[in-house]
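Colleague: The primary structure of each chain is shown beneath.
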Amino acid sequence: MSLENIAIKLVADDAFSVGSVTALLSEIAAQLEKLIATGETSLIDLKSLPFAPGEYEQLRQALGQGEVTAHMDAIGPSEIAETQYPGVWWLTHFNIEGDIVADMIEIAPFPNILQSQPEDVRAGLERLQSMLAPPAATND
Amino acid sequence: MADHGTLEQRLAQQGISRRAFLKFCTAMASLMALPPGSAAAIAAALAKAKRPSVIWLSFQECTGCTESLTRSHAPTLESLIFDMISLDYHHTLQAASGFAAEKSRTDAMQEFYGKYLLIVDGSIPTKDGGIYSTIAGRTNLDLLQEAAKGAAAIIAIGTCASFGGIPKANPNPTGAVAVSDIVKDKPIINISGCPPIPAVITGVLAQYLTFGGLPELDHLGRPKAFYGETIHDRCYRRPFYDQGKFAKTFDDAGARNGWCLFELGCKGPTTHNACATTKWNGGTSFPIESGHGCLGCSEPDFWDAGGFYQALSMPATPLTFATGAAVAGAAIGIGVSLANRAKKSAAKKAHQAATLDDLEK
Ligand code: SF4
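Protein chains in written order, with the working numbering: chain L, 60 to 199; chain B, 89 to 449.
Where hints are given, some of them may not hold.
To be verified - Ranges of calculated distance between the beta carbons of each label pair, as one might list FRET restraints:
hint : chain 1 : residue 1 : chain 2 : residue 2 : range
1    : B       : K272      : L       : L91       : 51 to 57 Å
2    : L       : I155      : B       : T151      : 23 to 29 Å
3    : L       : G98       : B       : R344      : 47 to 53 Å
4    : L       : P145      : B       : G395      : 53 to 59 Å
5    : L       : E116      : B       : A341      : 22 to 28 Å
No wet-lab data here; the hints were simulated from the structure. Backbone N, C-alpha and C fix where the C-beta goes; we use that ideal spot for every residue, glycine too.
Build the full structure now, drawing on both the sequences and the hints.
Modeller: Below, the structure is given as C-alpha cells:
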C-alpha cells in the first residue's frame, strides 16, 4: 500500500500560510511573461519547495482547473492538466506503486512529455509497415 | 554475475517507450535535486551508463540506514537497485549466507577490481585491534581496508560511516571512527543523517551512476545538492524566527500557532540536510512540521552537542533578502521564501554545471 492511500485530509489554514503560494504565483506570472515575449518554456519542481502544511492545497486551489486534462500510462500513471491560466500546466507523475515520483508546473503552450517522441514514432512506423508488408509467399 | 549492459538497452528490451524513459529521467532529475530541465541530459548520460557492481559493507550500525533505503519511494527501489546497479554483496538484503555470501563478495572484488562502488554503513571500531565488530571472523577494519583497495569510489552512508556517529559518542568505548579516518586514498562521498533521507541516498546513488563522477561536495564531503543549505535556510517556520516569534514550551499558544522551535532546542540553524524540502515518508512531512525541533543528526558529533532541548547559544546569521521584479511589494514571508529559493537555484545551477561538465568528458 502506498502512503497516498492513507486517508489524511489536509485542511488549508490561511492563518498559517507563510507566503510560499503567493511567491510561487508571482514566479509563474514572470515565467508566463517570458513565454509570451520569447517563447521560452520553463519547469518548476514542486518537490524542491518548502511548503508549510496546507500550502500545497492552497496552490491547487489558486491555480484551479482549465480546459484540458490528460492521462498518460508509462511505467505508472501520470496526470497532466492545464490550470485555469492557459499555458500553466500541472504534471504529476506516479510510479507503478502509485507513489508520486515527480510533481511539477510546466509553463509552455503544450507539455513536452505529451508529444510523441521521434524514437517512438520510428518504432511505430516499423511495426505498421511490417504489418502492411504482404506475406513473402504471395510476393510475386 | 548479473549483466552489466546499459540501462537504456535493458529498458528497450523490456518494450519501454522513449516517452516512458523521459518520464523516468524527469523523476530522476527531481530525485537528484537537479533543475527539472535536466531530464534530457540525464537521458543522454543513462544511454551510455554501464551498470556497476556494488559491494555494500555494514559495520557498527543499527541497520537504520538500510531500513531507510528500502523505504525510499522514487523511483522505486527495485528500479534503482536492480536496473541501475548490480548489488553483489549486502549481508542484510542478500539471500545467500555463510561461505556463499562471502564468496560473492570476493568474486565481485576480483572481477571488478578498480571499478566497483563500495558502500559502507556503520562506523569502524579500532580499539583493541578492532575486535568489537567482526563478520565471518574478520574485523570491520580489516574488511574495509581490503575492500577499499579495489574500489573506484566509496559512499559512506549515514552519520556513523560519515563521522563516527552514535558509536563514537562519549565515551566511545570501541574506539569507533569514520570511513574517512581509515581510507585516505579513495574518493569518499558522505551521505550523513541518522538515518539519511531515503531519497537522498537514492539521489546520490543515481547521480553517481548517471554521471559517473563525484558530485560537488562540501567541506565535510557531503553532496552540496542535498547538504548545501541548512534546515533553517529552508524551514517554513523561518518567517516566525525572523519576527522573533518563538514557542516556549511544546504546548503553548506559540507551539500551536506553528511558531519557531529555536528556544526548544531546534538545531536547524547549524544542520545541513534536505529534510525541509525533500521531507520524509514519501514527502509527507519532517520533524519540524510535526512540532519537534531538529536534532542535527547529519552533523558530526550531534549526540554530544549539548542537550536536544537546549537552545543553540549562537544566533544564526540573519538572512539577506533577495530583491527582484517578482518580489517587489511582497510581504515579508514571501521575501523570505524567494530569497531562500534564489539561493537554492544558485546552488542548483552550480550543481548542474558540474554534472554537465562530467557529461562532456
Ligand atoms: S530554528 Fe528551527 S524551527 Fe526555527 S526557523 Fe530555524 S529551523 Fe525552523
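Colleague: Taking the hints in turn, state whether each one holds.
Modeller: Results for each hint:
1. For K272/B and L91/L, the Cβ-Cβ distance of about 53 Å falls inside the hinted range of 51 to 57 Å, so the restraint holds.
2. Taking 23 to 29 Å as the suggested C-beta distance range, the pair I155/L and T151/B conforms, at roughly 27 Å.
3. With their beta carbons about 49 Å apart, G98/L and R344/B fall inside the hinted range of 47 to 53 Å.
4. For the pair P145/L and G395/B, the beta carbons lie near 55 Å from each other, so the given range of 53 to 59 Å is met.
5. Distance hint check: the CB atoms of E116/L and A341/B are about 24 Å apart, consistent with the given range 22 to 28 Å.
The earlier numbered hints are all upheld by this structure, with none contradicted.
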